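Sequences and hints are given; from them, build the entire structure.
There are 4 protein chains.
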Amino acid sequence: MVGYKFMGKAHSHAYRDLPFYFDCETEPVLQALAGRDEEGVKAAAEKMGWLSYETDWRRLIERDDIDLIDIVTPNNTHAEIAIAAAEAGKHILCEKPLALTMEQAQRMYNAVKKNNVIHMICYNYRFSPAMQFAKKLIEEGRLGKIYHMRATYLQDWIMDPKFPLVWRLTKEVTGSGALGDIAAHSIDLARYLVGEFDEVTGMMETFIKERPVAEVSGGLSAKSDSSVMKEVDVDDASAFLVRFENGAMGVFEASRFAGGNRNGNRFEINGSKGSIRWDMESMNNLEVYFADDEAGLQGYRNITCTEEQHPFADAYWPAGHIIGYEHTFINLMTELMKGLSEGYSPSPNFDDGIKNQEILAAIEKSVETRGWVKVEQMKLVENV
Amino acid sequence: MVGYKFMGKAHSHAYRDLPFYFDCETEPVLQALAGRDEEGVKAAAEKMGWLSYETDWRRLIERDDIDLIDIVTPNNTHAEIAIAAAEAGKHILCEKPLALTMEQAQRMYNAVKKNNVIHMICYNYRFSPAMQFAKKLIEEGRLGKIYHMRATYLQDWIMDPKFPLVWRLTKEVTGSGALGDIAAHSIDLARYLVGEFDEVTGMMETFIKERPVAEVSGGLSAKSDSSVMKEVDVDDASAFLVRFENGAMGVFEASRFAGGNRNGNRFEINGSKGSIRWDMESMNNLEVYFADDEAGLQGYRNITCTEEQHPFADAYWPAGHIIGYEHTFINLMTELMKGLSEGYSPSPNFDDGIKNQEILAAIEKSVETRGWVKVEQMKLVENV
Amino acid sequence: MVGYKFMGKAHSHAYRDLPFYFDCETEPVLQALAGRDEEGVKAAAEKMGWLSYETDWRRLIERDDIDLIDIVTPNNTHAEIAIAAAEAGKHILCEKPLALTMEQAQRMYNAVKKNNVIHMICYNYRFSPAMQFAKKLIEEGRLGKIYHMRATYLQDWIMDPKFPLVWRLTKEVTGSGALGDIAAHSIDLARYLVGEFDEVTGMMETFIKERPVAEVSGGLSAKSDSSVMKEVDVDDASAFLVRFENGAMGVFEASRFAGGNRNGNRFEINGSKGSIRWDMESMNNLEVYFADDEAGLQGYRNITCTEEQHPFADAYWPAGHIIGYEHTFINLMTELMKGLSEGYSPSPNFDDGIKNQEILAAIEKSVETRGWVKVEQMKLVENV
Amino acid sequence: MVGYKFMGKAHSHAYRDLPFYFDCETEPVLQALAGRDEEGVKAAAEKMGWLSYETDWRRLIERDDIDLIDIVTPNNTHAEIAIAAAEAGKHILCEKPLALTMEQAQRMYNAVKKNNVIHMICYNYRFSPAMQFAKKLIEEGRLGKIYHMRATYLQDWIMDPKFPLVWRLTKEVTGSGALGDIAAHSIDLARYLVGEFDEVTGMMETFIKERPVAEVSGGLSAKSDSSVMKEVDVDDASAFLVRFENGAMGVFEASRFAGGNRNGNRFEINGSKGSIRWDMESMNNLEVYFADDEAGLQGYRNITCTEEQHPFADAYWPAGHIIGYEHTFINLMTELMKGLSEGYSPSPNFDDGIKNQEILAAIEKSVETRGWVKVEQMKLVENV
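Chains as they are written, first to last, in the numbering used here: chain A, 1 to 384; chain B, 1001 to 1384; chain C, 2001 to 2384; chain D, 3001 to 3384.
Calculated from the structure, these hints are not laboratory results.
Everything numeric in this text was worked out from a predicted model, so none of it was measured.
Note that the Cβ used here is the ideal one computed from N, Cα and C, for glycine as well.
It is possible that part of the hints are untrue.
[As the list claims (entries may be wrong)] Straight line, CA to CA, 20 Å or less: simulated DMTMM-like cross-link-like pairs of lysine to aspartate or glutamate:
| # | chain 1 | residue 1 | chain 2 | residue 2 |
| --- | --- | --- | --- | --- |
| 1 | B | Lys-1273 | B | Asp-1292 |
| 2 | C | Lys-2005 | B | Glu-1308 |
| 3 | C | Lys-2047 | B | Glu-1025 |
| 4 | A | Lys-5 | D | Glu-3308 |
| 5 | A | Lys-5 | D | Asp-3023 |
| 6 | B | Lys-1113 | B | Asp-1351 |
| 7 | C | Lys-2374 | C | Asp-2198 |
| 8 | B | Lys-1365 | B | Asp-1198 |
| 9 | C | Lys-2230 | C | Glu-2210 |
| 10 | A | Lys-42 | D | Asp-3023 |
| 11 | B | Lys-1135 | B | Asp-1351 |
| 12 | A | Lys-273 | C | Asp-2293 |
| 13 | C | Lys-2047 | B | Asp-1314 |
| 14 | D | Lys-3005 | A | Asp-314 |
| 15 | A | Lys-273 | B | Glu-1205 |
| 16 | A | Lys-135 | C | Glu-2294 |
| 17 | A | Lys-113 | A | Asp-351 |
| 18 | B | Lys-1145 | A | Glu-205 |
| 19 | B | Lys-1374 | A | Glu-205 |
| 20 | B | Lys-1136 | B | Glu-1196 |
| 21 | C | Lys-2145 | C | Glu-2245 |
| 22 | D | Lys-3162 | C | Asp-2292 |
| 23 | B | Lys-1042 | C | Asp-2023 |
| 24 | A | Lys-162 | B | Asp-1292 |
[Stated by the list, open to error] Here are some chain D residues the structure puts well away from chain C; computed CB gaps all over 12 Å:
| # | residue |
| --- | --- |
| 25 | Thr-3026 |
| 26 | Leu-3051 |
| 27 | Ile-3061 |
| 28 | Ile-3066 |
| 29 | Thr-3077 |
| 30 | Glu-3210 |
| 31 | Asp-3233 |
Listed below in structure tokens is the structure:
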């Protein structure tokens, strides 16, 4: 695994904890952790249970005892590492978003296809039992024809103007702000549950135009005493309208300036036969409405997705005993293990990653052109 | 009052009930109700306590014993009635939206200004105590600089494809569908709480393209045995992005196809110091978040706005004893009575009506042009 | 009507407003309001729309133009007024609880029976559409055999130790504190929905032992500058366990010391086939759970009881447009009007009042004896 | 560790996962798992990561490489194992409730005291960050003087009359039903947050009087094809009233017949200055009300206890990223590790276990005597 901050912790834990809950033919071995700072990576490897460490990620790729490269570094490094890994025949799990640009994403995609390696991208929220169950309901036609999805991903961790310019706020490292970091998750859930995007139009805002330079820049929280100010070149918030290929309407918003919302990844989907609502902060619950419930008894049901009927839930605790954020990673990795055993790339994989990237690019383009942008055109233009 | 269906009932009740709760210098007397169908209007007048009735609204305007004309007819008749009323020196309360087009709205506005009559438009949701209290908090700076408003107005009463083509679904009578009927309310709350709109871009959808012709067409519910189908020419749902003049972002959606939402008029506003959330279906409650609450104790407070600190609440019941939909009309009409006594047009009045109409028109234009439209340009273009 | 404070306002409004929403064969005429203080009663009569006033309630009983006596005075006066009214052949609506003691209640009951007048007691919470709908579900067997009811009625209006000794805190005027004032409501809902009480055991507490003497003593709120302190001789809070005749278990609590709960009249009922939950502060909503819902899709449904299937709701507004506290009185009075037309005493009437009183008495006795008390024994003992 | 079903899984996971999140001086090594069925215990040991297994728990006690005995067996075996372990100088973590009877509990308590071993009892719900934070608020006086606690622990897993007679429904194995299994948790939270119990009076019910004999009897779920019926001799539901030593009132209810409630461990505490509410099914949230919040802005705050101010939360994920049921065990075991390092028995320990047992015994006695029972008398009577 390359990287060991917030996502590194989440992935490491998932690999460790997975065999306790699930019986997979392939089981993860935490061979080696890579990071540039020897002291840091050594301590992290020890703490998180990695058997060895490297200070250059290229060493991981050279090693024969490593089959899977997990990329949890900042977004600007994904392409180089993934391409090198693919060319060395290593399987890949990559953090989202896939890359900074469509061009990078396309090269990554080509590399995994050419080298025939297993690939996944870590859109972990799909793997809450509630989301898996939602998918099942929709596939069974329980919601009917989908008319609407409205999704927000609301946070508030950078509202303080003194919060420093960490890497997640720097375009050359991260690509975009709220858009690529959190709206990308909503887009993945939308593609998973509703379908492909036809066209988009959006807006992006940076409310705090400059911030103190960060002294240390990992993780989500940071303090800075720096008086040196620098321009913020990514979006604090983004919103966009969507026309899905199946005719559904989408309304999306992501913000890091929505006070009182720590991790408000929420949506509602309305179909001709039913509706669902979900909120990651209460991730075990799915609200479900059926239009054909008896008249007078129609209303959203609040379902705690901890029962045997709910995918993945069975592996954990009895009904009503909730699981948390980390279990979305564990569940995702059981899919990865299955893919490794059986020789396919489970969804979400780089196909999903590149489609997500296309949508992000189309939104950014729509902001520039102040009009609607076809997602498909995006691809054509970029792929030339 | 002209008209006696859903809104006619709400207004009639409010006039009757107002003196019980409030001491106004001017008190309403229910002089006369007008409607074309003699049998219908007679029964309605009797039932709702009107002292007389007319079968031609022009008769109301001729009568000397009538000071105020209340217009609760379909939208395509607002302009003619209001202009005639203003020219006869009658004060006016008009249902929303003001008119079908900016041109009509402008003429109505000119008429009330020229004839110096008191005028209001019935954006009643402002008058829930929670909204009045929200306004107070924002004016006192308790939310700081506003960054975001996201509002939905979700209904589901026409999802059945067999639901007939009532007047609310016919462009020449109503102007637009979800946009003018319900998004207009969200726009009014946005203008009230956040400020003026700078530019917008939107989308509108009609999911069910044709419906059976309606046999009877008043109110919200209707059945039709008709096998004659006709095209639906208004929107089932609309969504739009907003840039407010003060820099805030807005994301709005209105739909009549959001199953499980009977009257989901909801929003959240985020500012630098605090946030609020509201839902008309729990209209007595306002959720309030303050960023400067002690660390560890930050979270949305659920406030039941039934206390003496909450505007209008004092007139009703002790704390915790809720009021309902009808009280928003009563409260609005106390303002109207005050305006009549003191000689001014309380907000929301035709100024608000016309600004709302400009925004609706700008959204419709943005749908045509598939790009952003300045609200101010809208006015310039239309006013020539 | 005798009395014109909080309940006087609620009743007066309901009589006035009832004909607007309902078509009753008998319609209320607000003939006369009685109160001892001429200035007060005159102003109240005028404000609330009573045609005349009296300063002695006995005058109401003497008047031929009055058919119904509505008693909204403090509890210690109910018996005398009700008995006099019954003996004069007047029909009666009495505020709850019926009386201070079983002995008084029995005499009132005997009077209405002997004189063959229509009688009701104002347990208004039964008349929210959600409660009427709950009753219907239970009667249809939708919840199966009832196992549990747990109910709380939580308020916090007297938590300030300086809050004065108003009449509601004085035993000789009110009988008991939280028990008779608010637990009595929960008991009525329990009898209505679950059935008769077999035996009870309870506890009562007075947290603030003495309070300043009240200067003015009407309504729920009051201030006192008095430095004269007097003992509080009623309960601030009461709790009791119940065995219902049908075998269900009950757990009840009422308190005026439950901070943050302004009017928390709430309960949950669990049966073999389903459960319901309700909260008066969101009185339009009923949460309903069905054990035979499809596995994986089981969860409480949140139903807004504003639809045509919900009793009384049809008279008001379209689905999703809520009603409030005052409508429970209006609905109750439509039943009273029907009873007056058709010559029967609609439930809840004095039969319910006396059974409720028996239960209150049994709870008080259980507190004294520190053991379980049969409700039926209570009656036998008291009736001798 | 002795036992490997539901609790065995929870404990094993916690030992494994603890070092990932916390840096403890003492770290758990999963030396050996004991169980009578060799095949079962072998498979469980392998699956859950135990280094060895034994088919007789006595072997664990004999082994020198084992310092801590963790008892997760049915309640009737706790005493024998714990006493043997203590006498062998092993430290002990015991599942709750401590024992079947006060007499057993007393002997266990004496054994750990005499042999000076570290002891804890696994009342894990104390260790959700929300509960630890609640404790801190109460200790700081933020709620003032406590007036009320009302707690329910509601489940529905045995409502089907065909659900078999598993060990949790058999008195000689488990002691009591809902009372010892789940009310015991509420009692522990009450003692932790409010204080010691002075006296109690309760009721216990068994709704389904006989059930089919169980074929396999571990865990919470089971099926039986048996047509042999046997009497159920434990309570399906229990409720009790409490007078705390500090004068607070308590109302408690536990049931396995509360349909729609899978694991409804909930309570509300009201004090003179503030109130809190909590629900284990949303265990990350604590609702907090402060009476001295500004008038008009008073309301329950919904706090997600995932921030650095919330005990234990810091070890996991960023704010708004929730944890689950299993983390309560991890947190508890960090306390145990600390106790082992520093030589003390962290709370909750056998002192808490025995006090909890006294209360359970007093409730059972009150059911027999149909009156109030002093908790302290209980001890005196039982200890002779």
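Outcome of the hint check:
1. B:Lys-1273 / B:Asp-1292: Judged against 20 Å, a Cα distance of about 7 Å means the pair holds.
2. C:Lys-2005 / B:Glu-1308: With a Cα-Cα distance of about 17 Å, the restraint between C:Lys-2005 and B:Glu-1308 holds, given a limit of 20 Å.
3. C:Lys-2047 / B:Glu-1025: Roughly 13 Å between the alpha carbons, so the hint for C:Lys-2047 and B:Glu-1025 holds.
4. A:Lys-5 / D:Glu-3308: holds (17 Å)
5. A:Lys-5 / D:Asp-3023: holds (17 Å)
6. B:Lys-1113 / B:Asp-1351: holds (10 Å)
7. C:Lys-2374 / C:Asp-2198: holds (6 Å)
8. B:Lys-1365 / B:Asp-1198: holds (14 Å)
9. C:Lys-2230 / C:Glu-2210: holds (5 Å)
10. A:Lys-42 / D:Asp-3023: holds (16 Å)
11. B:Lys-1135 / B:Asp-1351: The hint holds at about 19 Å.
12. A:Lys-273 / C:Asp-2293: holds (17 Å)
13. C:Lys-2047 / B:Asp-1314: The hint holds at about 16 Å.
14. D:Lys-3005 / A:Asp-314: holds (14 Å)
15. A:Lys-273 / B:Glu-1205: holds (18 Å)
16. A:Lys-135 / C:Glu-2294: holds (17 Å)
17. A:Lys-113 / A:Asp-351: holds (10 Å)
18. B:Lys-1145 / A:Glu-205: Roughly 15 Å between the alpha carbons, so the hint for B:Lys-1145 and A:Glu-205 holds.
19. B:Lys-1374 / A:Glu-205: Holds - the C-alpha atoms of A:Glu-205 and B:Lys-1374 are around 17 Å apart, at most 20 Å.
20. B:Lys-1136 / B:Glu-1196: holds (17 Å)
21. C:Lys-2145 / C:Glu-2245: Distance ~12 Å between C:Lys-2145 and C:Glu-2245 Cα, so the pair holds.
22. D:Lys-3162 / C:Asp-2292: holds (15 Å)
23. B:Lys-1042 / C:Asp-2023: holds (16 Å)
24. A:Lys-162 / B:Asp-1292: OK: A:Lys-162 and B:Asp-1292 at ~15 Å, within 20 Å.
25. Thr-3026: holds (42 Å)
26. Leu-3051: Non-interface label on D:Leu-3051 holds, nearest chain C Cβ at 38 Å vs cutoff 12 Å.
27. Ile-3061: holds (43 Å)
28. Ile-3066: holds (42 Å)
29. Thr-3077: holds (31 Å)
30. Glu-3210: holds (16 Å)
31. Asp-3233: With a cut-off of 12 Å, D:Asp-3233 remains clear of chain C, as the shortest Cβ separation is near 18 Å.
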